[in-house]
Amino acid sequence: MTLPQTLPRHDNSLVLGAKPDEFPLSPDETALIVVDMQNAYASPGGYLDLAGFDVTGAKPVIAAVAETIEISRKLGFTIVFFQNGWDAE
Numbered sequence: 030m031t032l033p034q035t036l037p038r039h040d041n042s043l044v045l046g047a048k049p050d051e052f053p054l055s056p057d058e059t060a061l062i063v064v065d066m067q068n069a070y071a072s073p074g075g076y077l078d079l080a081g082f083d084v085t086g087a088k089p090v091i092a093a094v095a096e097t098i099e100i101s102r103k104l105g106f107t108i109v110f111f112q113n114g115w116d117a118e
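This note's numbering applies: residue 30 is where the sequence shown begins, and numbers increase by one.
Careful, some of the hints might be misleading.
Said to hold, decoys possible - The list that follows gives simulated cross-link-like pairs (lysine to any residue, SDA-like), each with its CA atoms no further than 25 Å apart:
1. Lys103 with Ser55
2. Lys103 with Val64
3. Lys48 with Ala60
To be clear, the hints were calculated from the coordinates, so they are not data collected in a lab.
Go ahead and model the full structure; you've got the sequences and the hints to work with.
This is the structure:
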């Protein structure tokens, strides 16, 4: 995934070229939130696959999310992962 019109700044913040105005992202004020990127939902043999859902479209999404996480880490953004789960009972 390439971030078009993305300009890194010297203070380790990022400015996304957007209209009508640029959109600044500062590591002190920006977090990436990753929701439910887990095998149960996105992998062959996972819960959704076993329930009969087609999960083949998840592969490019996983790649894009992985790249976004990598970029966010390099920029020093906070990264928060949410995962669905159940109690054993």
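What hint numbers does the structure not satisfy? none
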